[in-house]
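A.B. asks: The lines below spell out each chain.
Protein chains: 2
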Amino acid sequence: MEQILGGVCAAKGFTANGIHCGIRKNKDKRDLSLIVSQVPAAAAAVYTANLVKSAPITVTKKNLQNGVARAVICNSGNANTCNADGEEVAEIMCKATADTLGIDASDVIVASTGVIGQRLDPTPIVNGLPELAKGLGDHSDLAAEGIMTTDTTKKEIAFSFSVGGKECRIGGIAKGSGMIHPNLATMLVFITTDCAVSSSMLQKALSADVEDTFNMVSVDGDTSTNDTVAVLANGMAGNALIDKEGEDFDAFRAALKAVTVYLCRCIAGDGEGATKLLECAVCGAKDDKIAKIIAKSVICSSLTKAAMFGADANWGRILCAIGYSGACVDVTKVAVSFRSAKGTIAVCEKGAGIDFSEEIAKEILLESEIEILITLGDGEGKATAWGCDLTYEYVHINGDYRS
Amino acid sequence: MEQILGGVCAAKGFTANGIHCGIRKNKDKRDLSLIVSQVPAAAAAVYTANLVKSAPITVTKKNLQNGVARAVICNSGNANTCNADGEEVAEIMCKATADTLGIDASDVIVASTGVIGQRLDPTPIVNGLPELAKGLGDHSDLAAEGIMTTDTTKKEIAFSFSVGGKECRIGGIAKGSGMIHPNLATMLVFITTDCAVSSSMLQKALSADVEDTFNMVSVDGDTSTNDTVAVLANGMAGNALIDKEGEDFDAFRAALKAVTVYLCRCIAGDGEGATKLLECAVCGAKDDKIAKIIAKSVICSSLTKAAMFGADANWGRILCAIGYSGACVDVTKVAVSFRSAKGTIAVCEKGAGIDFSEEIAKEILLESEIEILITLGDGEGKATAWGCDLTYEYVHINGDYRS
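These protein sequences, in sequence, are chains A and B.
The working numbering runs 33 ahead of the 1-based position in the first sequence.
The working numbering runs 33 ahead of the 1-based position in the second sequence.
If you are wondering where the hints come from, they were derived from the structure by calculation, not from laboratory data.
This one's a predicted model, so the numbers in the text were calculated from it and none came from an experiment.
Mixed in with the good hints, there may be bad ones.
Just so you know, same-sequence chains aren't split out, so a pair can sit in one copy or run between any two.
[Stated by the list, open to error] When the alpha-carbon atoms are kept at most 25 Å apart in a straight line, the in silico DSS-like pairs for lysine-lysine are as follows: (1) K95 to K237; (2) K290 to K199; (3) K94 to K383; (4) K45 to K199; (5) K94 to K366; (6) K58 to K395; (7) K95 to K383; (8) K366 to K95; (9) K322 to K415; (10) K322 to K383; (11) K375 to K199; (12) K366 to K319; (13) K415 to K95; (14) K383 to K60.
Construct the complete structure from the given sequences, taking the supplied hints into account.
C.D. replies: Laid out in structure tokens, this is it:
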């Protein structure tokens, strides 16, 4: 597997674009993105577990019932959630996209991100589509920009990999937490591949993958109403169709995971107000499920996140988060270390503090990527979760008036 | 029922005191508190659900097995948690208290609050006890100060109430979130009453009460390792012993609840960095359990808490928190209003936004006590949870180096 350029346009037969159509007031901010496959593609998606779901999710679910799609249309600046006419507007977005591209409206994946509960006027989207489609090309970066809200960097990645001797490509773009009118930490991820995979195996790969990747990311513990991860596989690499488990499926899953882990780290590290990416790796748990519960509990602890912001090796907060996680563990066997580019330092063994140099710990924790390593001594279970520190800027972004 | 003065010394036969013994570096801060009953008292307690528990909790649990206690000793400045010699130190605290007062060590409730994982030297406690005991008197306020850490105000209350024609008194002190060396949001509550209640009925009343009170408070979602709520009932009011359910028990429970709700509001409103007390009242749920899940989810949402700090009527975040709470609700029937001393404003009906004046909403939300009112339309279930806003100061307190 090799990292390559091109994002969602790295795979054969995919083009993309992003423009400012007029949903966002700032004309320098793109607010409408389009990704198109030259040929019908197998498609799979996963959505937020929130009972309050965006209207585009309802429409996308319906459109993906046959496991086929050709385009993704996504706006930023408005979440189209909790609106009486939300589904109608999402349908208009699909139809306008389909009409412009000459495809079926039911082959369009639609997504929105932005403020909740404000009606989304589809007019600028409908009016912008001709320009958006005209500019389709090798523009993954523009599409990545068009789905950003308060993200500070665009998030894209691609890899090449081999399936049965054929060279395949997979790439993705993502947006993390933040809005112009700050509202929800919405996550949107769009992935394209030219690998030939049946829609059912694509769904299987994606559903399994997110358990270890996007479901292990937390910026602030608030599950968005709009979260969507969608994958399109158009088969143009020419490999033998992956329609069952086996070596080819494993190769595809590994490539998919390379994309999703990269994007998870991007989303966590660019969480609202974040100055640091936190990665919590738990090992030695009775099973993976227990390891996941603990890793997530630590990554979600406001006290731990604030301590990391302050580069404070306050391991007591980590023990505390393990203790209240709900997982059954023997806390007298827990060991904790911190690791960064500056080195590794052990701070707790057998559930109690050990002597360590606060100076060295501080030097390690002042880095922008911090690993929190937890060993339980109960078995072979392990898991990794990603998050970020809690900062003044998070409060600033989310405490500001919308107006 | 009538509010009276005196805190934990309001009830007959109770005295208290608080001094600086030398655990905290700042000599102006009291760090050791003592509450004593003239006669043996029925005693009951509830403790943190965290698997990582402070050593004093282990010792107190053992001492309360017979349901009798006469004194509470509590230090601030060190949590005595995750220390190899923690239980030994907690036992030393009990023995020194008992020796000073001439009572049994097994009749002492011991508690600690402060930084985790640093050995607690019992010497200043043992040396301070003679002075602490000598000053015992009507000093609930000094005892309330001695258990404070980063609390900005001391928390005490008392009520008089009638049981079978006899005048009884009940009072309590509490500490909320914060430490000198910031660590955990530890909650400690000590309640005294001269009402005659058997220890089993006292435990029953307390265990039921905390479900609706202290278990419905969240400052930052981190469950402390040291949380303890203890009640002493010495029977000196002379009422007929309450040893079963009935009118007298109900009267006692109502008085207990008046104390605990008051202290809950104090703890939430004085949460670390808080500028506002948030009270989330849910009604119309299928049952009380669902109402509780939702009220807690809203009060714990970082995004909602940050919006309240910004006096931003961002009801989408509340819908979002209802949606991810895990409770099964019909989100299309949800209504949300905000209420404060400045009035009430409806912002959401049937799960969608309604027109409202942002100006009036802002005026309402700029108050220091905000009610978030949620109506579900699914039944008769209801619940109330208390929390606070998320502020720059929270990050400041918890992001600072311990050193």
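A.B. asks: Going back to the hint list, which numbers does this structure go against?
C.D. replies: 11, 13, 14
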